[in-house]
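Novice: Order-wise, the sequence lines are chains X and B. The first sequence begins at 1 in the working numbering and counts up one residue at a time. The second sequence begins at 1 in the working numbering and counts up one residue at a time.
Take these hints with a grain of salt, some might be off.
Unchecked claim - SDA-like, lysine to any residue: derived pairs with alpha carbons at most 20 Å apart:
hint	chain 1	residue 1	chain 2	residue 2
1	B	K108	X	I443
2	X	K14	X	P53
3	B	K226	B	F215
4	X	K356	B	P141
5	B	K108	X	R409
6	B	K5	B	T56
7	B	K122	B	L137
8	X	K339	X	C381
9	X	K425	X	L175
10	X	K356	X	R409
11	B	K108	X	D410
12	X	K369	X	G388
13	X	K356	B	P91
14	X	K425	X	E174
15	X	K425	B	P141
16	B	K122	B	R140
17	X	K356	B	V88
18	B	K165	B	L68
19	B	K5	B	V55
20	B	K165	X	P404
21	B	K108	X	E407
22	X	K352	B	P91
23	X	K356	B	E144
24	B	K108	X	P404
25	X	K339	X	T292
26	B	K108	X	A442
27	B	K108	B	V161
28	X	K348	X	D378
29	X	K369	X	T354
30	X	K339	X	T382
31	B	K108	X	V405
32	X	K425	B	R140
33	B	K65	X	P404
34	B	K108	X	A406
35	X	K425	B	P91
36	B	K165	B	E186
37	X	K369	X	L359
38	X	K369	X	I323
Everything labelled a hint here was simulated from the structure, so no lab data went into it.
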Amino acid sequence: MNGELTLANETVEKNTEVLSRWTGTNPDQSDGPAWLYPLRREAGSRFIQIGFPDRHDEEWRFTPIAPLIDTQFVAAAQNSAAEAPGIGNFLFPEMEGYQIVFVNGIFQPGLSTIGTEAGLHISNLAHDINAEAALIEPHLGRYAAFDSQAFVALNTAAIADGAFIHVSRNTNVELPIHLLYFSTAGDAPTTSHPRTLIVADEGSSVTIVESYAGQTDAVYLTNAVTEIVVGANANIDHYKLQRESGNAFHVATLQVQHDRDSVFSTHAINLGSRIARNDSNAVLGASGIECTLNGLYMGRGNQLIDNHTYIDHAMPHCASHEIYKGILDGQARGVFNGKILVRQDAQKTDAKQTNKTLLLSDDAQINTKPQLEIYADDVKCTHGATVGQLSAEALFYLRARGIPVAEARDLLTYAFAADIVSRIKVEAVRHQLDLALLQERAIEGIES
Amino acid sequence: MLTIKNLHANVQGKPILQGIDLQINPGEVHAIMGPNGSGKSTLANVLAGRDAYEVTQGEVTFLGKDLLELEPEVRAQEGIFLAFQYPVEIPGVNNTYFLKAALNSIRKYRGLDELDAMEFLKLVREKMNVLHIDQSLLNRPVNEGFSGGEKKRNEIFQMAVLDPKLAILDETDSGLDIDALQTVAEGVNALRNPDRGIIVVTHYQRLLNYIVPDFVHVLSNGRIVKSGTKELALELEAHGYGWIDSLEPATV
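Using the sequences and the hints given, assemble the complete structure.
Specialist: Spelled out as structure tokens, the structure:
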């Protein structure tokens, strides 16, 4: 059955209007290289067909996006000279490494520090879709599912700019690469569709920090898609920091494609935005792969933070690890949905998933759902979820040493989050986040 | 320094302590022995102020204050230290930071200046040597991934740093091999002084070969059924805990 035929004209019109207003582009228009616009057009027409998910969609059941859909967004001003007030808070001045910066989706050479080293290519897609088509075409849009995911379809239809990182065979990039997507306040709520492509060839290794942030209180939507290709025996250490404005919406898909014996690890730190939805998907399509998806989410006020993870174990002898921890205060809501699929061929799979949420107020809530689908018989898969308050045992232990109860609570709350932050290997990032956590709990004097 | 009178306490509605009377003076080491379920750990935890224990009768005075009225942290600030039977792992809290926060809370309560990082480190280094604590242990999260022996040594190390007036060791010897036991005992013995009271709660007489008590009390069914000097522990060892069933509750 063809969905297109059954769509009411009204829906088609509405979706077409959203597509054009939100992306500011016409996917039918044949600008850019000839290989790209069919992809954009196809994605655009898929969006028109599928439209936005609603609450009948199981994957969006606990994340009502009406406030997002109802916002009259326009595509962010395509003004590359945009002022970016407050962007300095989200750069890492102490970090020795590369930074590539985008404001409202557009590459900012003046704010970026892109050095050169053998085997490493850092650039922006707007430039490279022409200049490096041979490197990009085989990957861009091949992994993230624009055919079934509305936001991925929108992003793909809008592909214009974003970061492109390519690491050549057996290249070990020592310095971390920071990607910053920053949004500013406009006259009207704006959207941008950051697109990132990271390709690590066989035997290479690289560290990537992907950050999303915005001007204080600005209303905007970031609709990001990141595709990561981890070549055979390659190793990618990835971090995502979501520190959007408190009035912003953040929807993002991370799609990881593993080749054999590759190692990928990500830590997703979600602190900002009014509604955040992250889909982190990894396809373990060969043997000997190790994949780590860890996360920390901290919500307060009316924030809603939704993390969906999906690990597809398709082949034998792969391991996946997941630890997601959250702290929710006020009326904040969290969603964790962790799906692990172990296909019939994926014998000797070792998959472990944990979700722990700390609720600091009576009104905070979390919907947590592990989803294990296992078709192989010789596997080790575990999952666990805990929701609750601070450990009474730990609280008593601290108090019994003379630490006052309020301070003990703060310390344990900090520690709960620090458990994830301490795993971050990029010192400047770890340090900055750690300070933010300490400040939030008004804890002084930890200099470890 | 510590006077316990007719103390009764429940755990989950079940009476565990059924009339404890005990007097501890500065400089004394008291051993409390008894079979499983006799109430010895309950007594230790009631003194430290653990929530799960409900005091139903009796009174406890510590240095002239009504101990049972005080929050656990205030008891610690007043000078009570409980070495936990099962030290709690606290991922994400660095051992050094934890100990510094504890020490400074106690100092602040007593109107003393808080120690800065340098002064604290100096103090810690001194105490570390006594207990053969490895430097790396300090930089790890509190008790996380510590072996059983490391956890117990860490308790005594904390005790050495916090310098309590009354230390309560709750089965600190349980599960230790002889080397670890000796290290722990050495640490405790180094902390014996004329001003400090020590309560050693133990299931096994073995510990008392290394930490020689001034008094031994035998607990059964929530009451002290026999009190004596260190020889009582040996007697108990010779007869086994079955022997105490034949004893009458001790008179005050």
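Novice: Evaluate each hint against the coordinates.
Specialist: To see whether the hints hold, each was checked on the structure:
1. In summary, the hint linking B/K108 to X/I443 is supported, as the alpha carbons are separated by about 16 Å, within the 20 Å threshold.
2. For the hint pairing X/K14 with X/P53, the CA-to-CA distance comes to about 14 Å; that is within 20 Å, so the pair holds.
3. The straight-line distance between the Cα atoms of B/K226 and B/F215 is roughly 11 Å, inside the 20 Å bound, and the hint therefore holds.
4. With a C-alpha separation of about 19 Å, the suggested pair X/K356 and B/P141 falls inside the 20 Å cut-off, and the hint holds.
5. Restraint check for B/K108 and X/R409: satisfied, since their Cα atoms lie roughly 19 Å apart, inside the 20 Å limit.
6. A distance of roughly 12 Å separates the Cα atoms of B/K5 and B/T56; the hinted pair therefore holds under the 20 Å criterion.
7. Proposed proximity of B/K122 and B/L137 is supported: the alpha carbons are some 16 Å apart, at most 20 Å.
8. A hinted pair counts as satisfied when its Cα atoms are at most 20 Å apart, and X/K339 with X/C381 qualifies at roughly 12 Å.
9. At roughly 11 Å between alpha-carbon atoms, X/K425 and X/L175 fall within 20 Å of each other, so this suggested pair holds.
10. Restraint check for X/K356 and X/R409: satisfied, since their Cα atoms lie roughly 17 Å apart, inside the 20 Å limit.
11. With a C-alpha separation of about 18 Å, the suggested pair B/K108 and X/D410 falls inside the 20 Å cut-off, and the hint holds.
12. The hinted pair formed by X/K369 and X/G388 meets the criterion: a straight-line CA distance of about 15 Å does not exceed 20 Å.
13. As the CA atoms of X/K356 and B/P91 are separated by approximately 13 Å, the hinted pair is consistent with the 20 Å bound.
14. Restraint check for X/K425 and X/E174: satisfied, since their Cα atoms lie roughly 12 Å apart, inside the 20 Å limit.
15. For the hint pairing X/K425 with B/P141, the CA-to-CA distance comes to about 17 Å; that is within 20 Å, so the pair holds.
16. A distance of roughly 18 Å separates the Cα atoms of B/K122 and B/R140; the hinted pair therefore holds under the 20 Å criterion.
17. Restraint check: the Cα-Cα separation between X/K356 and B/V88 comes to about 18 Å, which is no more than 20 Å; the hinted pair holds.
18. Between B/K165 and B/L68 the CA atoms are separated by roughly 17 Å; this keeps the pair inside 20 Å, and the hint holds.
19. Restraint check: the Cα-Cα separation between B/K5 and B/V55 comes to about 12 Å, which is no more than 20 Å; the hinted pair holds.
20. Proximity of B/K165 to X/P404 is assessed by CA-CA distance (about 19 Å); at most 20 Å being required, the pair is judged to hold.
21. Distance check on the hinted pair: B/K108 and X/E407 sit about 14 Å apart at the alpha-carbon level, within 20 Å; holds.
22. A hinted pair counts as satisfied when its Cα atoms are at most 20 Å apart, and X/K352 with B/P91 qualifies at roughly 19 Å.
23. Note on X/K356 and B/E144: the hinted pairing holds, with a Cα-Cα distance of about 18 Å set against a maximum of 20 Å.
24. Proximity of B/K108 to X/P404 is assessed by CA-CA distance (about 11 Å); at most 20 Å being required, the pair is judged to hold.
25. Among the hinted pairs, X/K339 with X/T292 is consistent with the structure: their alpha-carbon atoms are about 14 Å apart, no more than 20 Å.
26. Of the pairs offered as hints, the one joining B/K108 and X/A442 holds, with about 18 Å between alpha carbons and a cut-off of 20 Å not exceeded.
27. At roughly 15 Å between alpha-carbon atoms, B/K108 and B/V161 fall within 20 Å of each other, so this suggested pair holds.
28. About 6 Å separates the Cα atoms of X/K348 and X/D378, which keeps this hinted pair within 20 Å; it holds.
29. Restraint check for X/K369 and X/T354: the C-alpha separation of about 11 Å stays at or below 20 Å, so the hint holds.
30. Distance hint between X/K339 and X/T382 is fulfilled; the C-alpha atoms sit about 12 Å from each other, no more than 20 Å.
31. Pair hint B/K108 plus X/V405 holds up; C-alpha atoms about 15 Å apart against a cutoff of 20 Å.
32. Distance restraint check for X/K425 and B/R140: the Cα-Cα separation of roughly 17 Å lies within the 20 Å cut-off, and the hinted pair is therefore satisfied.
33. For the given pair, B/K65 sits about 19 Å from X/P404 by alpha-carbon distance, which is consistent with the 20 Å threshold.
34. Taking the CA atoms of B/K108 and X/A406, the gap is near 16 Å; set against the 20 Å cutoff, the hint holds.
35. For the hint linking X/K425 to B/P91, the alpha-carbon distance of about 18 Å falls within 20 Å, and the restraint holds.
36. The straight-line distance between the Cα atoms of B/K165 and B/E186 is roughly 18 Å, inside the 20 Å bound, and the hint therefore holds.
37. Of the supplied pair hints, the one linking X/K369 and X/L359 holds, its CA atoms being roughly 16 Å apart against a limit of 20 Å.
38. Under the criterion of a C-alpha separation no larger than 20 Å, the hint pairing X/K369 with X/I323 is consistent with the structure, at around 13 Å.
The structure fails none of the hints (numbered hints given earlier).
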